[in-house]
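Number of protein chains: 2
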Amino acid sequence: MTASNKFQPAWREDVPAEGTYRSIFKYDPKKFSHPSAAWYEMFKKEFNMTDDDFKKRQPGGDEKVVLKQKPGLSEAQINAFISIVGKENVAADDFSRAKYGHGKSLDENLALRQQAADRVPDLVIHPRNKEDVARIVAYCNGQKIPIITYGAGSGVVLGMRSDKGGIVLVMGTHMNKVLSINDLNQTAVVQPGILGPDFEAALNDAPRLFNAARRYTCGHFPQSFELASVGGWILALGSGQASTYYGDAYDIVVSQEYVTPAGIIRTRDIPGTATGPKVNDIMKGSEGAYGILVEVTLKIFRYMPENRQRFAFMFPSWEAAVNASREIIQAEFGRPAVLRISDPEETEIGLKLKGFNDGLLDKLLRFRGLMPMKRCLCIGTVEGEKGYTRHVKKEVSKIAHRAGAMSLTGYATRQWEHGRYSDVHMREDLLDYGIIIDTLETGVSWENLHRLHQGVRSFVKSRPGTICTTHASHFYPQGTNLYFIMILKPKDSEEFFRFRSKVVDAIVANGGSVSHHHGIGRMFAPWIENYLGREQMDVLRALKRHFDPNGIMNPGGTLGLDPKL
Amino acid sequence: MTASNKFQPAWREDVPAEGTYRSIFKYDPKKFSHPSAAWYEMFKKEFNMTDDDFKKRQPGGDEKVVLKQKPGLSEAQINAFISIVGKENVAADDFSRAKYGHGKSLDENLALRQQAADRVPDLVIHPRNKEDVARIVAYCNGQKIPIITYGAGSGVVLGMRSDKGGIVLVMGTHMNKVLSINDLNQTAVVQPGILGPDFEAALNDAPRLFNAARRYTCGHFPQSFELASVGGWILALGSGQASTYYGDAYDIVVSQEYVTPAGIIRTRDIPGTATGPKVNDIMKGSEGAYGILVEVTLKIFRYMPENRQRFAFMFPSWEAAVNASREIIQAEFGRPAVLRISDPEETEIGLKLKGFNDGLLDKLLRFRGLMPMKRCLCIGTVEGEKGYTRHVKKEVSKIAHRAGAMSLTGYATRQWEHGRYSDVHMREDLLDYGIIIDTLETGVSWENLHRLHQGVRSFVKSRPGTICTTHASHFYPQGTNLYFIMILKPKDSEEFFRFRSKVVDAIVANGGSVSHHHGIGRMFAPWIENYLGREQMDVLRALKRHFDPNGIMNPGGTLGLDPKL
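Those protein sequences? They're chains A and B, same order as listed.
Heads up: the first sequence is residues 576 to 1140, going by our numbering.
Heads up: the second sequence is residues 576 to 1140, going by our numbering.
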């Protein structure tokens, strides 16, 4: 029997029907990424599954959305909103309320597969501009109507659940434009609902679209690039895959405008100031609990893809890869844009899934002393001016070779680039057969990295049949992040959630942050006070009371700010 | 008559007597920097002065300090402080109260020359450690005793005036140590009272002192380097002269510990997080109004002076120098450490004062089309890894040459380095003869730079007999700063203060920030609400109410937080 005759599951490739739960929870209704035969074999082996287990699917959420609870707003309230934004920008149907009431967390996915959509807004509103938002916030504040903000719905931390009903503002429908580009300041003014690809396309094409002097790039390319809004980047403190060079979302913001119940906060485009604590920075990461971002001025960067350099190495060990990465980011010869090191399990699975685990490459690697379950893959790119990118690549290579790494050329990096945004779509195929893939991520100092990696891994791997791969992909001179991908087939979702909760415990107990770039939302709120300490939480709560005395802004526990609601 | 026979004022070179006003307001009692003969000639010409005007000095503050008001604390209160820190760490004598109740602003200097020291603390306390500070703050909060914090007293914005009496905490006496160095994280934990040179010396000598793996540098070298404390860098948001590469004080802070009336804020050493608004950043720039910094973890950098590159250019015009600087900071080939461009008046005065305005250099410059009152000096350095510094210098040179600049080699930069910390001491010589030298500085976007420069200059120069030199010395891709140095002989100090106030008006009216790196204090508080807007000020006031409900932390209008007191 040839490989092609082997049984393969009938991975779904149908675009979910309109109005269904599945059309809500699928990252992108029209995009698919299926497990390869190698993935499939791995699942069967790791989870003791047989072909038969892949013949019948789990509930797929193909039903049309029907909500139990009716909208809780009065006729007068609904009419007030209509008078602000127009009838065509208000929706109260079940599907809209469910769609704009959910993010893309695993938790929401599993619930929607079971047709459970019980904490959704009463009304969906598509504001046309910031003046609409100001009028809506003022009205809601007077009426004490909760407001959730929906950027593009890609959040994975339960950040936009309507625990108290109210309205959801969909920022991506109208408020999705690049308003201007400033060549002198190298900034772009954008509306928060714009998606990454639209923003990047506008910047790349700035000479034609904005009569700009040159082409630009936004520098921010999170894995969710195709799914997330610029506002979401900032409100949940995201990091792009090239953050090691361009900075995190926190770093690329120049100035912002927020509508809050306490008034409009509009900060200035001055890059350096000594005028007291920076309110511009206080607003970042506020996850909708302080106000609504309605306009932002971002740093932009010269677009020079012709200068991009790629590198990839196989290091003999995790320690060697970590030490080399630390040297790269501390040595002051410039910085790579992408830098990513995979731990032994992630490296080995990656090789296996690409069929490299027993071929010529594997032989060559072993010959060079790069042994399975010890060797670690490193990939990266360098961006910037031509001589700079060449120099950085040269210095990176020197460090890698000194550490006993073998160059894999830029091939591995191109492979990674190919799947960087699409791999996420595989989640549905797995869930269709009861296999969970979920991720947790954390920031950590260099000093705590190994303790954290080992501490979390040892807990995760203590559960039999749990794949756990880890990489570090955002580097700072003072530390990095760790990104844990767990794949398992739990007895049921409750078992998984209990397990995941203990992994978070292990992260925090071992010196990691509760999140590096996903945010807190309601999912991680139970850990935040212990992590930050009561005194810091008291500061965030004092700001909450100031901005939102009536508790209408994303209420229901986001960021741990109003757990008693 | 030869030059050497010409009259020269008897610039003072005596160390002020102990206990005198002069020993307080002089930047450093033991350091002197006198105007050259060329400076002296310039003063006479610009201010219509004669040799006779330099034969009799203004009041020099040589009297022993005697205060009119007696300490306002009760015996019981004083004893309470003694019981916390020990008798040897408490002082109530007039001189101590005056010394630790003043910064180094021109305003304080002029007042002290007139023996006016009327807003000083009741008691001077030298805390031994952060536990002392916690106990003192708790006690003061209960007793509603105001607390001013004195780092090293180099502030120039009236940031530590005891408008309401109370105590001053002197951080530099005991809390002045490097506590540890972490090679892995490239961080140092320091106490806030340490002076720049002590910190830098410890870092340079880290292998011997801390058994560290290598030598480090702090990367932060403000003009006040020899006079300012690390805590002051952070609380007033300073910028070092190499900030273009190393970042501002804001950027080099990893984590902090503050004692506030609302409890102790201790943030974590994790460089990247998505755990809500960053309280660590909120505290920076709080100028003693929220709490007292008792410990800080700072980024440190590899010390590689052997790789330093220097450059200096003469540009044909201010526009050419500005455009080239913008290109340098936006072109993504790395960054210079020091970068500094002087406007035509500063350039010309610099040449004149060094005797270069009518010699061979001037001829050569003119021959190259670099004409007086158009040409602009640019100096700079590059730091980092060897290949990096070479590459950056090469690219800077390319840009300069394309802009029609002439290289002056690194000589001009070495000259500048020589006087970078000592030139400030010249202030006393000038004030001794009624000549005022004062500075104002502002942050600005590239887009507003010329409008701001011209707007401020045209106002300043509208006053006859006013020298005004300007440079930009802290560069960001989105803008820079402008630093205005004004030298004039006003009728009296009141005339000067009215004039300075209007210059600040002109700065803000033309799109500059109220401060780029000096801070706000009480001096610029009257402009801050208009500059930030009421909504941002309300945020800062809400934080004030949270941290300091009894209004004891640096009260009296600092940062515009409690103007009604």
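Check each hint, because a few of them may be wrong.
A pair counts as met if it fits within one copy or between any two copies, since identical chains are not told apart.
As the list claims (entries may be wrong) - Here are the simulated SDA-like cross-link-like pairs (lysine to any residue), alpha carbons at most 25 angstroms apart as the crow flies:
1. Lys973 <-> Ala585
2. Lys1077 <-> Arg843
3. Lys645 <-> Lys1077
4. Lys973 <-> Arg790
5. Lys973 <-> Thr748
6. Lys630 <-> Lys949
7. Lys961 <-> Arg883
8. Lys645 <-> Glu1022
9. Lys645 <-> Ala787
10. Lys606 <-> Asn898
11. Lys630 <-> Pro1039
12. Lys949 <-> Asp780
13. Lys739 <-> Asn757
14. Lys1077 <-> Asn1125
15. Lys969 <-> Asn882
16. Lys639 <-> Lys938
17. Lys968 <-> Glu1069
18. Lys938 <-> Thr984
19. Lys853 <-> Arg843
20. Lys938 <-> Trp1102
21. Lys1064 <-> Gln633
22. Lys619 <-> Thr1014
23. Lys1036 <-> Ser611
24. Lys605 <-> Arg841
25. Lys631 <-> Ser649
26. Lys620 <-> Pro947
Worth flagging that the hints you see were computed from the coordinates, not collected in a lab.
For which of the previously enumerated hints does the structure constitute a violation, in increasing order of number? The structure conflicts with hints 1, 3, 5, 6, 8, 9, 10, 12, 13, 14, 16, 17, 20, 24 and 25, although it agrees with all the remaining ones.
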